[in-house]
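**Q** Sequence:
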Amino acid sequence: MRRVLTLSTAAAAVAAVAVLCVALTAGVAAAPDAGAVPPASGSGPGAGAAPSASADECDPGDGTELVGCWNGTHYEESVGFAETDGLNETQLEALTDLTMARVEHVRQRPFKEDVPVETVTRSEYANDTASGNGSEAFRRWNDQVWEALFVVGDETDANDEIDSVFGGAVSGFYSPSQDRIVIVVPDGESPDIDPSTLAHELLHAMQDQYHDLTDPRYVGATQDGDLAVDGVVEGEAVHVEERYAARCDANWTCAEAPESDGGGGGDGQEFNFGILQTVLQPYGDGAVYVRELRDEGGWAAVNETMNDPPASTAEVIHRDPDYEEGNVTFEDAATGGWETYPDQGVEGAETTGEASMFVMFWYQSLEYRHTVLEPGATVRQNVEIHLDAEAQLETRATYNYAHPVTDGWAGDELYPYRNGDRDGYVWATEWQTEDDAAAFRDAYVRMLTAHGDGEYAQGTVYEIGSESDFPGAYGVERDGTSVTITHAPSPEGVLELRPDADLALPDADGSDGDTNGGDDGDANGGDGGSDGNTDDGTDGNTDDGADGSDGADGSDSGNGSDDTDDSTPGFGVAAALVALAAVGLFARRSA
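Read in order, the letters of the sequence shown correspond to residues 1 to 591 in full-length UniProt numbering.
These aren't lab readings, by the way, just hints derived from the structure by calculation.
One should not assume that every hint holds.
[Stated by the list, open to error] Here are the simulated distance ranges between beta carbons: (1) Glu347 <-> Asp453: 34 to 40 Å; (2) Asp453 <-> Glu256: 49 to 55 Å; (3) Asp215 <-> Thr90: 34 to 40 Å; (4) Pro60 <-> Asp308: 35 to 41 Å; (5) Ala300 <-> Gly420: 54 to 60 Å; (6) Thr253 <-> Gly86: 32 to 38 Å; (7) Tyr210 <-> Gly72: 31 to 37 Å; (8) Phe81 <-> Pro471: 53 to 59 Å; (9) Phe81 <-> Asn307: 52 to 58 Å; (10) Gly86 <-> Asp128: 33 to 39 Å; (11) Arg180 <-> Thr335: 31 to 37 Å.
Just so we're clear, the structure is a prediction, and the values are computed from it rather than from any experiment.
Quick reminder that beta carbons are idealized off the backbone N, C-alpha and C, glycines included.
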């Protein structure tokens, strides 16, 4: 999403606002007022909005002051062709004029100037955006960020995984620096234009005309900052897009969307779902946030938030503009030749934020079948937490990124380190309360032991073997509302990175079990030596999809059944993940 999710130097040069092509769901009925234009007075949804012109007022020579009329095309008209595949230049211009008029009507604001629309094939787009994610130092730094999130393994290149998500899934983008829209079309076919994609990108063009999307305030300095900004930028685009779609369902004549080229997770296309679900967060949570802003204060409230974008994903997830962060304290005391990357991130640090942390824990169930968020539940139930959003969009389902394990986020700084060919990191996190810190710490330890092969001993560096995607040594310390995680290839490396840590080597006291009989102030819920690894002290992480008997659903022939659990996070849920919503991705970062 931000530089961590940079497409490439070339893509960053056009500061692209891109839409991921994932399939729409049809089963949610349109809201009664979806796409409707309320009166432009008072403090309700119409506050600060302009009324649309009538068909009689719409003439080719009219200027840009009219709403719902562009180049003489009125929003209630229709194009003279039913499909959007194989469009010639004249047809594309007609479709663009009509869509601009309709976006004006839905958004209740006129465009200031024309927006050129061009097409590029998927292979051309992929070639232009691949393998350009910055310097070797950035790529190595970025690898550590995604490895720390347990989303990209030690032997996998995170930057290649990101390229795969963007190159295969993006269906269009708007370039603020070039004031144009580019639609990505299948190779070897006539241009296909998805009306929803076009409406989404035109809304970005309108945002740019009023707010200047090249302004530094629309580029977060960190991953969490970028996702937060996207919460309003993409949230508004998705909100308008779905209101547009609702009008198509209700009373507009709209061209049919072309068949998908498979870029959004269809047949033959594979993505790292941890990355994908991270970058999707603003488009569901953000759209709900924008809808609430508009319901309470009209479009004027949305404009105000665009002018002062959210600072964290926590603000967007909880729809709280006054969300308070804490102070993260970290001092580099590393010895033995370990160095940070002062030229990357913010003085060497990344802030991952609440959304990325939620995905970290959730992804363990989808990809590795470990129950981390809720250890007493099945793998299926842990995966479905992400599909069970309290607030839904108007015309489609959305994802959930809220859970007690991560809800108390107050700040974090992740510092990747290097030492010759060795890599490591120190991740300092801050939480609203001590209970929040304990909940996060316990979930993190559950994740560690799920990937390891032994119990976690309090105050002792924990090792994960080379057979895991995340091998090496980990130290986890909690002090009040702070939790600090340290990772290095070896236990000795952990103590080099954090020489003042209250941690011992695994065999320092002559045993490798749960030795200290207490919680050394770690407040893990009073479980003494079990440290939150699940009620039975085993590992609650269920390599086999469940722990045999306690699957929390009580029945489950699937709890001990590979057949059922294999189908849950694989075919069943993965299909649902890419079928929930059509969403966008704001890719405007530079390395």
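**Q** Give a verdict on every hint.
**A** Here is what the structure says about each hint:
1. Glu347 <-> Asp453: 34 to 40 Å: Hint holds: Cβ distance 37 Å, inside 34 to 40 Å.
2. Asp453 <-> Glu256: 49 to 55 Å: Distance hint for Asp453, Glu256 holds at roughly 54 Å.
3. Asp215 <-> Thr90: 34 to 40 Å: At roughly 35 Å between Cβ atoms, Thr90 and Asp215 fall inside 34 to 40 Å, so the hint holds.
4. Pro60 <-> Asp308: 35 to 41 Å: holds, 38 Å
5. Ala300 <-> Gly420: 54 to 60 Å: holds, 56 Å
6. Thr253 <-> Gly86: 32 to 38 Å: violated, 19 Å
7. Tyr210 <-> Gly72: 31 to 37 Å: Because 23 Å falls outside the window, the suggested range is violated.
8. Phe81 <-> Pro471: 53 to 59 Å: holds, 57 Å
9. Phe81 <-> Asn307: 52 to 58 Å: Because 39 Å falls outside the window, the suggested range is violated.
10. Gly86 <-> Asp128: 33 to 39 Å: With a Cβ separation near 24 Å, Gly86 and Asp128 fall outside 33 to 39 Å, so the hint is violated.
11. Arg180 <-> Thr335: 31 to 37 Å: For Arg180 and Thr335 the Cβ distance comes to about 52 Å; the hint is violated.
The structure is inconsistent with the numbered hints 6, 7, 9, 10, 11, although it conforms to all the rest.
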